[in-house]
Structure formats: C-alpha cells, structure tokens
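We have chain A; now place chain B onto it with these hints.
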Amino acid sequence: MTHAACTKTDEAAPETGRPSSLWHDAWRRLRRNRLAVAGGAFLLALVLVCVVGPWFSGHSYQGDGSFERPNEAPSLQHWFGTDIQGRDLFVRTLYGGRISLGVGLCATLVSLTIGVVWGAVAGFQGGKLDALMMRIVEIIYSLPFVIFVILLLVLTDAVAKEYNLGATWNMLVLFAAIGAVSWLTMARIVRGQVMALRRQEFVEAAITLGFSRARIIFRHILPNVLGPVIVYTTLTIPSVMLLEAFLSFLGLGIQPPMTSWGSLIKDGADKMEEYPWLLLFPGTLFSLTLFSLNFLGDGLRDALDVRASKD
Amino acid sequence: MVRFIVSRFLQAIPTLLVLVTATFFMLRAVPGGPFAAEKSMSPEALKNLNDYYHLNDPLPRQYLGYMAGILPKAFRPTQLFVDGQIDLKAGFGMDFGPSLKHPTRTVNEIIAQRLPVSLELGVWALLIALALGLTSGVVASLRPNSWGDYVPSAISMAGICMPTFVIGPLLVLVFAVYLGWFRASGWYEPADRVLPALTLGFVYAAYIARLTRGGMREILAQDFIRTARAKGASEWRVVLRHALRGGLLPVVSYLGPALAGIVSGSFVVETIFQVPGLGREFINSAANRDYPLVTGTVLLFAVLIISFNLLVDIVAVWLNPRMRQAH
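Protein chains in written order, with our numbering: chain A, 1 to 311; chain B, 1 to 327.
Chain A on its own, in the form it takes in the complex (with noise of 0.2 Å):
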C-alpha cells in the first residue's frame, strides 16, 4: 500500500516539471485493463514483424517466378504453406499486413484531419454556419455511402487504365475515398466537445485578448479534445481497415501483385475446400488484429474517461 502510495507520487512528477495529471491517471487505468495492454502489445509486435518480417524471410512476397511447389501446406520452410502460384505465404501475409495497417494509419488520418476541423469550425463558429455543416453531415451520414466509394474505385480504376497510371495512384484514391467516408463520427464528436468548451472562461479570455479565430481554435480549444480525438482515431482504425477489406475483397481494392489481407482472405475462399490454410492464416491474423485494435480502443475510452455522446 505505502510502496503503491510511493510510486504514486514519484511519477506524478513528470521531467516536464508540469502537472498532467489527467495524462498520468489515464496511463495508470489503461495499464490496469489487461485486455487493452494485450491489445497494445499484440498490435505492436504485429508492426514490428510486418515491417521488419519481409527483410530477413529468404522469400520474396511476388515469389521467385518458377511457379514451382504450388499450394504447399505448411512446413518448416514456408510457415504457412504457399499459396497457388508457389509463393510463401507467410511473407505475403506479413507483406499484406503492412499494406492493410498502412491503409489504416493513411485512410484514418484523412478522415481525422477532415473530421477535427470541420467538426471544430462547426462548433466554434455555431449558428447558421454550424447548422449547414452538421445538415451536409447528417445527409451524407444517411446515404449509401459504400456504394458511391465502390462506384468511385470503379471509375477510377478505369482513368487508371486509360492515363497508364500506376498502382501508386490506386492507393491514392483508395486512402482518399475512404477517408472521405469515415470522418463523420469524429466531426460530432468534435462538434459537440468544442461547443462545451467555447462558452468556457480561457476561450472567452482568449477572445478579449483579440486572438484570430484559427489560433483559438487549433491552440486553445484542440489540444482540450485531445482525449476523446485519441478515442475515436483508435476505433477508428478497425472500421476503416475492414472497410479496405471489404473492398479488397470485392477485388476493387489493393490490385495484384501487390496484396492487402482482404485480397489474401478473397484468394483463401476461393481455395478453401483444398487448401484451408490459405483461408486461415490471414483471415486469424486479420481477426486479431481487429479485436485488439477495438480492445486497446475501449480501454482508452474508459481511461480517458470519454463518454460517448452523440452531439
């Protein structure tokens, strides 16, 4: 109990030499919920081998070329088998890993960028501004909007083809298109904390010493909803990862020879009756993945004390 109390005070005293308290108690809470510090753990181990993994594999994710020992199931050699062009599939599962988290970090920072300022300027500006911004957001909210990003990728994938474009331009539009879709809740969110926050004294100090609006908002009002922003960017993430799954699944995402694990897990179910671990590995890989971003995400809420508002 005293040893606790002691520790307690001794890193209540950040090398800052600033009180942050809301930051250390968060961490303390966070570190208690074993299933988000098992999230937050799996997750990292996870970047470190995708990214790292490919380099030291004596197999190279487009394979060697030979065609040579297709459909192979898993042994010491290939840790996952191979798949139907002979390729390993440990590599390019770790390979589509890297694609699938990119696509995730990439697509979610759009959506985050988009959803924090128009979510801020609608309400710290309020009135009619703020009524138009949330009525486009409510509009769009009730629309199929997965159809117009399937319609979106089509269209694109043919401009592609007619300019020589190459898969670069595909991840583009891929990051950008999902982006656009995603920000709608983090722009509510946003809304509904920077109203709460704007009648507070510090802003209307802010305001009296003539401060320009966009200095108010991105350095006085933001940095207060960094809390609930950090939330909903990790929840974030699953949803617009499974959101490239779907659509790389459907075949309109991430194009070949480049691979995503919803293209892995589309050329698993195809196979799966002969060779189900074409299916397993990346479809388990990709479903842990998820529960500990959602996992790590849910712990963060309850650290950081976020209630989920609506508005």
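In case anyone wonders, no lab produced these hints; they're calculated from the structure. One thing to keep in mind: the hints can contain errors.
As a list, the in silico DSSO-like pairs of lysine-lysine whose alpha-carbon atoms are at most 27 Å apart [said to hold, decoys possible]:
#1 Lys231(B) <-> Lys161(A)
#2 Lys101(B) <-> Lys47(B)
#3 Lys161(A) <-> Lys101(B)
Frame of chain A, contents of chain B only:
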C-alpha cells in the same frame, strides 16, 4: 408528428436529386464507355450503338432525358391516364430506361427480378440479428459479470471483429464442406437461405447484443424499475413490460445504420454464396458501365435507406415519450 414526417420527405428530395446528378455525371466523366470494351466492334457499329442510346448527345440533354424518365409519372398528368382511367401503378412508377448490357431488358425488369432476392436475404439477416442480439443482450444484462454475461459478450465481440468475408467462408467450410448440411452456394431451396442470412446477420446481432445490454443496464438501474419491483411485479413483467421498452431505444436508433450496412454487406454475401441479388448485379454493372442500371440501383438503395431511417425515427419517438415534445 405529421409535420416531422412531411418535412423529412421534403428534405429527402434535394438529397436524392444531388445523388442522382452526381452519379450521372461521375459515370460519364470517366474515359471509356459501356461499349468500349467490346473490341470486335467496328467504329460505325459503335457509333450507331451510342446513337441509339443517345450517348452521343450533349451531356445536359442526356441528363434532362434521364431525369424526365425517372420523375414519377404523377408529375406528368398526361401519362397518368390509360384508356381513360387513372393508372395508379404508373403514377408511382419510375422509368429507369433500357439496360445497356442486357439489350433486351429494361432496368426496371432487372430490378424487379433481382430486388426481391436481396430483400429476402436482408429481411432474414435482420430477423436473425434482432432475435440473436436481443435475446443474448437481455440475458447478459440480467446477471452482469456472471457467465450468463461473459459468454454472450465474448461471442458478440468475436462477431464484431470477424468480418463477413471471414465468417462466410468459415461457415461454408464447416457446414457445407465438412458436415454437408447445406449447399455451399446457390439460391434454390429454403435451406439455401440459412448460411447467407446467418453470415450477413451475425455482425449486426453482435452490435445489437452490446447495445441491448448497455441500454438495459441503464434502464434497470432507474427508479421506476425499483417502484415496479416494490409493487410486487414479477421479474418477467419488470423486464419485458417496463424495462425493455426503454432499453430498446439504442437498438432502434442503430437499425438505420445497420440497414445501410446490410445493404453493402449483401454485396459480399451475394458474391460468396452466388446469390442472384441486386448487390452482385450492381458491382457487375458498375464494372461494365451500364449507366442506367448503375444510376437506377444507386437511387433505389438511397430511397430504401432514407425511408427506413424515417421509419426508425418514428419508432424511436413512439418508444420514447420524452422525444415527442421535440417534434
């Protein structure tokens, strides 16, 4: 209430207009066309074909022509009368035009054939989601932090994290390939509905279970529940008559997004199980640039989702008397 419904209808009109316009011009802004992929065609034949479907007309004219087709005939009174009688069916109908890739059929015919299949799949999925989700959610809320809570909660977490396109193939592997209980794909007998509907509904069952549990926990802690218990109402009566109505609110407001998700989820499920529904047709038609079929399907899905959202909002107001003042 009436004003609320009417205003929502009026708001839907500009939304749908923007949606149709955006889809129309997006499709045509991209190089290539519906017949560009058919390499064996001579330039004259291509031109004739494009002429026949008015695809060489200036864009604004194509647009006006299309819009004139889809505006309900009710707005064009001369066509409302067939043989001197009012044709009610035509009054509500829209003409989506001919399909470019199925030359003998109109988009209306294709939708009439495909939509019922998708609707049936969606309805079964929604029913499964509600039945599984509500039951396990209520059970989990009654004895929090017991096995009756942990087991459903763990299963629903698994449901949320295992995407449709992993669950579907796994179900096929177990129940069709190894056990041989169902067909792996196809849509012929009633038994063929089981695996696709289960695949599609499972994720939503998981969310509904979580929402029900949360909503019920909140309601069961309130004073009026204690009053009901104090008056000697049986546990069944307290849960089903007093708590369930309020506890359902989060579930009801989730049903709108759930339907949108079921629509897009049906694309994947129809692909996995080879179901001849509208979702698969939509993806094919988008890839084939069958302009009228794509635009018609987008509009149809949008109308479906917007109407369902309205219905959900009405039910929410009915369930929560406090919201009535707001409308």
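Now for the hints, and whether the structure bears them out:
no. : hint                    : in the structure
1   : Lys231(B) <-> Lys161(A) : violated (73 Å)
2   : Lys101(B) <-> Lys47(B)  : holds (16 Å)
3   : Lys161(A) <-> Lys101(B) : holds (21 Å)
The structure does not agree with numbered hint 1 stated previously, though it agrees with all others.
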